[in-house]
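Trainee: Chain by chain, the residues run as shown.
Protein chains: 2
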Amino acid sequence: MIFLDKLRAIQGTNNSLLCIGLDTDSGKLPKFLKKHANPQYEFNRQIIAATKDLVCAFKINSAFYEAEGERGWSAMRETLHCVPSSAISIADAKRGDIRNSSERYARIFLEEFKFDAITINPYMGKDSVAPFLRSPEQCAFILALTSNAGAKDFQRLKVGKKFLYQKVIETAMKWNGKKNIGFVAGATNPKDLKSIRNYAPTVPLLIPGVGAQGGSVKAAVQYGCDLKGEMAIINVSRSILYASGGEDFAESARREATKIRDEINFWREKFFKR
Amino acid sequence: MIFLDKLRAIQGTNNSLLCIGLDTDSGKLPKFLKKHANPQYEFNRQIIAATKDLVCAFKINSAFYEAEGERGWSAMRETLHCVPSSAISIADAKRGDIRNSSERYARIFLEEFKFDAITINPYMGKDSVAPFLRSPEQCAFILALTSNAGAKDFQRLKVGKKFLYQKVIETAMKWNGKKNIGFVAGATNPKDLKSIRNYAPTVPLLIPGVGAQGGSVKAAVQYGCDLKGEMAIINVSRSILYASGGEDFAESARREATKIRDEINFWREKFFKR
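For the record, the sequence lines run as chains A and B.
Everything in the first sequence is counted per our numbering, starting at 1 for the first residue and increasing by one.
Everything in the second sequence is counted per our numbering, starting at 1 for the first residue and increasing by one.
Isolated chain A, as found in the complex (with noise of 0.2 Å):
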């Protein structure tokens, strides 16, 4: 199923736009799990088994595993293992590279280990990002404005009269034959991400920046949407993840996550009457 079609099922069979974001930190996890071989693993699978019900997606942040040498990717290995089919799985790896390296990411990430997607940068332009483009089941999300403080410096440079990145948008839409191009658009500046959503009416948005980095719910959902209410994919982690710290994460996680998702689903009852 092309990733267009199998993101909106999800969202319509799950009702949910949320995403949680497995910034899985080592230093964070509970106590108790440190007596599993790979604890990484183990709270990413509880996290997925209480709350998968709940998401459209689940996004692996790729730093938080290479951090942790071989040991963090066979735990992003297997983690993908407990992504069911009922959602989708997001590489949150923010690659980019020559063609003949690019490449070789998208053959890890999109072959070998099959995400649903991947998060790519686009400063090194067209050839770098194609690799990641060569199956419509498989979404590339390209940076567009993210929601750090730097995104500033560089993002909303002015580019004659646009910002840059409007002409990363601009300029990537035309790469989207296969329809398979997202953007990572993040919630911190509801102008912006609003911006976003006229330039490219249409696509999958990547929305980071609710929650532990300020954005709102409300914005994310009002700007982030398409006209449907559908195709935002509204990241969440910390807040998430490390609900509680005790033995009761997973269920804490869950009590959370619906939080979220009930948050969202009531703006877009409120302004795409659903």
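If you're looking for bench data, these hints aren't it; they were derived computationally from the structure.
Fair warning: there could be bad hints in the mix.
Repeated chains share a single entry, so a pair holds when one copy, or any two copies, can fit it.
[Stated by the list, open to error] Below, in silico cross-link-like pairs of lysine to aspartate or glutamate (EDC-like), each with a Cα-Cα straight-line distance of 16 Å or less: (1) K31 / E247; (2) K52 / D5; (3) K218 / E269; (4) K152 / D127; (5) K218 / D127; (6) K194 / D226; (7) K174 / E269; (8) K152 / E170; (9) K218 / E170; (10) K259 / E112.
This one's a predicted model, so the numbers in the text were calculated from it and none came from an experiment.
Fit chain B to the given chain A structure using the hints.
Mentor: Only chain B this time, still in chain A's reference frame:
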């Protein structure tokens, strides 16, 4: 020793600006290496042993190791153990993410693997780069103008009167309090290389694009070096690694590396009266 001093000392002692790029492709290894437990590592071990007195640096392109999964990460780790202290080790990883995530990439590449340097994608701005700038002994080579066709898509957009890549350099130079920033500057367009050296007269430039990608050694030396004929790190990968596909691959690599080092030094003598 701070990075700049280490680089200067090594370029002096080895009388070389050559960097060998270990873009070690499992699919291109000599067949007789297949009997080894980790052929990718064994190939690198022999290349390094055969060429270490001819170079100032070895650059490990992480894409080629990640593509092999856990075994590739082991190969990268073991390869680093073979790089002598008389050469700079560069992780060509092109990372960059929100601070929280960049911290993790810095942890594995700089703290655990202890690379002397890493390549960084600047698109996400200052806080995404900061975690790689902690130690004056380790250098972040920030992508300015890359050597691929896609460099024109965004890096050469006009921001006011400047190209985006020039703005990147200008801005990043403000973050250079520890004198541990360098730039990636493709050799494929001599005019641009000259402009980059004007913007950053004394910092190290990592220069890919010579050889298989079509850049000339002459231009890389003439425009990439500082006023003393130093501080350019001229990367060559494929033409050295795959000079021969047979049992003589390491000797052949040595022969090719010698040729390129000598060509570099020929132009250094010519342009810098060394």
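Trainee: Indicate, hint by hint, whether the structure satisfies it.
Mentor: To see whether the hints hold, each was checked on the structure:
For the identical chains of this complex, K31 and E247 are intra-copy neighbours only, at 9 Å inside a copy versus 52 Å across copies, given an alpha-carbon limit of 16 Å. In this assembly of identical chains, K52 and D5 lie within 16 Å of each other by CA distance neither inside one copy nor across copies; the values are 19 Å within and 53 Å between. With identical chains, the CA atoms of K218 and E269 are at most 16 Å apart within one copy only, with a shortest distance of 11 Å there and 64 Å across copies. Taking the closest pair of Cα atoms, K152 and D127 come within 16 Å of each other only across two copies (11 Å); inside a single copy the shortest separation is 25 Å, beyond that limit.
For a Cα distance limit of 16 Å, the shortest separation of K218 from D127 qualifies neither inside one copy, at 36 Å, nor across copies, at 26 Å. In the homo-oligomer, the alpha carbons of K194 and D226 lie at most 16 Å apart inside one protomer (10 Å), although the nearest pairing across protomers, at 46 Å, exceeds that limit. For the homomeric pair K174 and E269, neither the shortest alpha-carbon distance inside one copy (33 Å) nor that between copies (47 Å) is at most 16 Å. In the homo-oligomer, the alpha carbons of K152 and E170 lie at most 16 Å apart only across protomers (15 Å), although the nearest pairing inside one protomer, at 19 Å, exceeds that limit.
In this assembly of identical chains, K218 and E170 lie within 16 Å of each other by CA distance neither inside one copy nor across copies; the values are 26 Å within and 37 Å between. For the identical chains of this complex, K259 and E112 are neighbours neither inside a copy (35 Å) nor across copies (39 Å), given an alpha-carbon limit of 16 Å.
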